[in-house]
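Student: So the chains spell out like this:
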Amino acid sequence: MSRVFVPKDSGARSVGADAVAAAFAALGAEVVRTGSRGLYWLEPMAEVETAAGRIAYGPMAPGDAAAALADRSDKRIGLLAAFPPFARQTRMLFARVGLIDPLDYRAYQAAGGGVGLAAARAMTPDAVIAAIKASGLRGRGGAGFPTGIKWQTVSQAEGARKYVVCNADEGDSGTFADRMLMEGDPFLLLEGMAIAGHAVGADKGYIYLRSEYPDAEATLEAAIAAAPFLDAAFSVELRVGAGAYICGEETALLESLEGKRGMSRAKPPLPAISGFMAAPTVVNNVLTLAAAPAILAAGAAAHAALGSGRSLGTMPFQLSGNVRYPGLYEAPFGLSLRTLVEDWGGGTASGRPLRAVQVGGPLGAYFPAALLDTPLDYEAFAAAGGMLGHGGVVVFDDTVDLARQARFALAFCAHESCGKCTPCRIGAQRGVEVVDKIIAGEDRPRQRAVLDDLLEVMRDGSLCALGGLTPVPVQSALDWFPEDFEREAGS
Amino acid sequence: MSIENDIRQIAVAHQAADGALLPMLVAVNRALGYVPAEADAVLADLLNITKADVAGMVSFYSDFRRAPPGQRRVAVCRAEACQAAGGDALAAEIEAATGCAMGATAADGSVTLDAAYCFGNCALAPAVMVDGALIGRATPARFVEAFGKAGAP
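Those protein sequence lines, which keep their order, are chains A and B.
The opening position of the first sequence corresponds to residue 692 in our numbering, with each subsequent residue numbered one higher.
The opening position of the second sequence corresponds to residue 5 in our numbering, with each subsequent residue numbered one higher.
So that you can see chain A by itself, here it is in the shape it has in the complex:
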């Protein structure tokens, strides 16, 4: 009886993976549901186990199952290790995603899981923090703050109780790495949280998950119940949000976790000093925590050897929008945007010329084709007026209207603003009105002066990153695509 691996990933399921799995089962195959390999244009994918390894097929329809089992299918991709879109990646964080049943702890261990936590627990907390610092790991949620320094701050802060909070409120459009990891390798995240707990002296961890990820919720609940390394010394609780983008901002997240409206707090105090319930709290993104086990297992030097400049290790870049080969591509920092979008992504799906690439979510800059040679690292992106954020890359062809996208950025901010500070609450709303007037051709020079002023006030005067960064996509649209704001009204 053949063993067949079919993703249970919510993306794969959204294009029919359940029916493909059922078709294999009906033919007598033993079906193992896994995470997704991230090659989404080939989903639903299936991999048939053979003596030579797992042979991949995709995109599959239920009717293709018999031919795949007989290895005479025209959907044959072959061994992924020999398939360039997969083989050229450097899979560290996502090493197991797509390989194993996400809730099979023995399979997790057999594939190297648990080694990092065992190593950490044999070390002093200070030694664990030293290893994280030496690895150069930086927060993957977007801000890029050095993780070891954050952990050290929490470790040294005074507090009867300390907490580890995982920010799984992955709200940025164009990002899905957290979701894939939580659905495809949840034990890795829990192991990373347990390492953080040991390092900072916390006995409780929370995962704050957005409500738009029901599959991740079910998988995490099951993984928390099954993880043998979670106990009274370190336990994890899953908390589900209720539809508020702002709760991805760490202080708003903490307010929400405390059962309040998700309104940003003024900093200082930093959450590391006074976070959840006013206790010292590590707030890290899913991918940051998931990076810790490999650093403890393989050593800080192995992590620090990858990447470029001060952006060390690998990043799972997420490519979507109008692109031929959308998916998750993990590679060391420093890969050029052009390589990712054109070589790996195959350019636009429509075949029309690429006009803009938005990197880093709704608060990231729109780059023109002229900036495609920017390396994907934190400093290079900041120098070019953008931000790498959570590694999401959304491609637009020449049908995009950047004045409309600028309006959307402001409207999204107006919709999602928590309302606490005036620049964000009023500025975003006024910004929409002003851009509407510019689009309508009303007194453009004066409206432009108002918009410039608004963007400056939002950038410099907002309490948190939502109001502070909303000007980034708007400014980039104005700087790189001025013609979209100068068109004859109604054209």
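Derived from the structure by calculation, the hints contain no laboratory data.
A virtual CB, placed ideally from N, CA and C, is assigned to each residue, including glycine.
Just so you know, not all the hints are guaranteed correct.
Stated by the list, open to error - Computed spacing ranges between beta-carbons, pair by pair:
(1) A:Gly1076 x B:Gly103: 29 to 39 Å
(2) A:Asp1143 x B:Lys55: 15 to 25 Å
(3) B:Asp92 x A:Met814: 28 to 38 Å
(4) B:Gln19 x A:Ser926: 10 to 20 Å
(5) B:Ala110 x A:Asp922: 18 to 28 Å
(6) A:Asp795 x B:Ala145: 35 to 45 Å
(7) A:Lys766 x B:Gly103: 50 to 60 Å
Said to hold, decoys possible - Derived BS3-like pairs (lysine-lysine); straight-line CA-CA distance at most 25 Å:
(8) A:Lys951 x B:Lys55
(9) A:Lys1111 x B:Lys55
(10) A:Lys895 x A:Lys824
(11) A:Lys824 x A:Lys766
(12) A:Lys958 x A:Lys895
(13) A:Lys958 x A:Lys1111
Said to hold, decoys possible - Selected chain B positions facing chain A (Cβ under 8 Å, derived; list incomplete):
(14) Ile14
(15) Val16
(16) Ala17
(17) Ala20
(18) Leu50
(19) Glu84
Fit chain B to the known structure of chain A by using the hints.
Tutor: Chain B alone, transformed into the frame defined by chain A:
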């Protein structure tokens, strides 16, 4: 059983949690489909807070509704990655197919149509959720198929 009793039973399971109000409201909203006005006094009593504290939570989070939703639930992603993949046209088609404007419930209570901002299915954009089931590479035809099938008895 009064609705107050139902709400109390749902909520009390979360009473010991730190920051219990959010999980209580999530549980009520999931069980009943909305957060009835009667919940405010019940939760305020359980947590020794004011009714205004509860009402403020309900109005802040977009998942919480004050009125029952339609029998069917459709949510269309309106964020950038789906926009780049034809999401605007799809959203317009779905509004026409359901006879509902974005954010509205049909007058006969048959369906509620919501805008969503990202299901994390960007690589299979555009994305739509029909009664909790995610549809990737959505087209008007795939939407109608899923909407019709899931609605069949």
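Student: Against each hint, give a clear statement of whether it holds in the structure.
Tutor: A quick look at each hint next to the structure:
no.: 1; hint: A:Gly1076 x B:Gly103: 29 to 39 Å; in the structure: violated (44 Å)
no.: 2; hint: A:Asp1143 x B:Lys55: 15 to 25 Å; in the structure: violated (44 Å)
no.: 3; hint: B:Asp92 x A:Met814: 28 to 38 Å; in the structure: violated (53 Å)
no.: 4; hint: B:Gln19 x A:Ser926: 10 to 20 Å; in the structure: holds (18 Å)
no.: 5; hint: B:Ala110 x A:Asp922: 18 to 28 Å; in the structure: violated (50 Å)
no.: 6; hint: A:Asp795 x B:Ala145: 35 to 45 Å; in the structure: holds (37 Å)
no.: 7; hint: A:Lys766 x B:Gly103: 50 to 60 Å; in the structure: violated (39 Å)
no.: 8; hint: A:Lys951 x B:Lys55; in the structure: holds (13 Å)
no.: 9; hint: A:Lys1111 x B:Lys55; in the structure: holds (21 Å)
no.: 10; hint: A:Lys895 x A:Lys824; in the structure: holds (23 Å)
no.: 11; hint: A:Lys824 x A:Lys766; in the structure: violated (46 Å)
no.: 12; hint: A:Lys958 x A:Lys895; in the structure: holds (23 Å)
no.: 13; hint: A:Lys958 x A:Lys1111; in the structure: holds (14 Å)
no.: 14; hint: Ile14; in the structure: violated (15 Å)
no.: 15; hint: Val16; in the structure: violated (15 Å)
no.: 16; hint: Ala17; in the structure: violated (14 Å)
no.: 17; hint: Ala20; in the structure: violated (11 Å)
no.: 18; hint: Leu50; in the structure: violated (12 Å)
no.: 19; hint: Glu84; in the structure: holds (4 Å)
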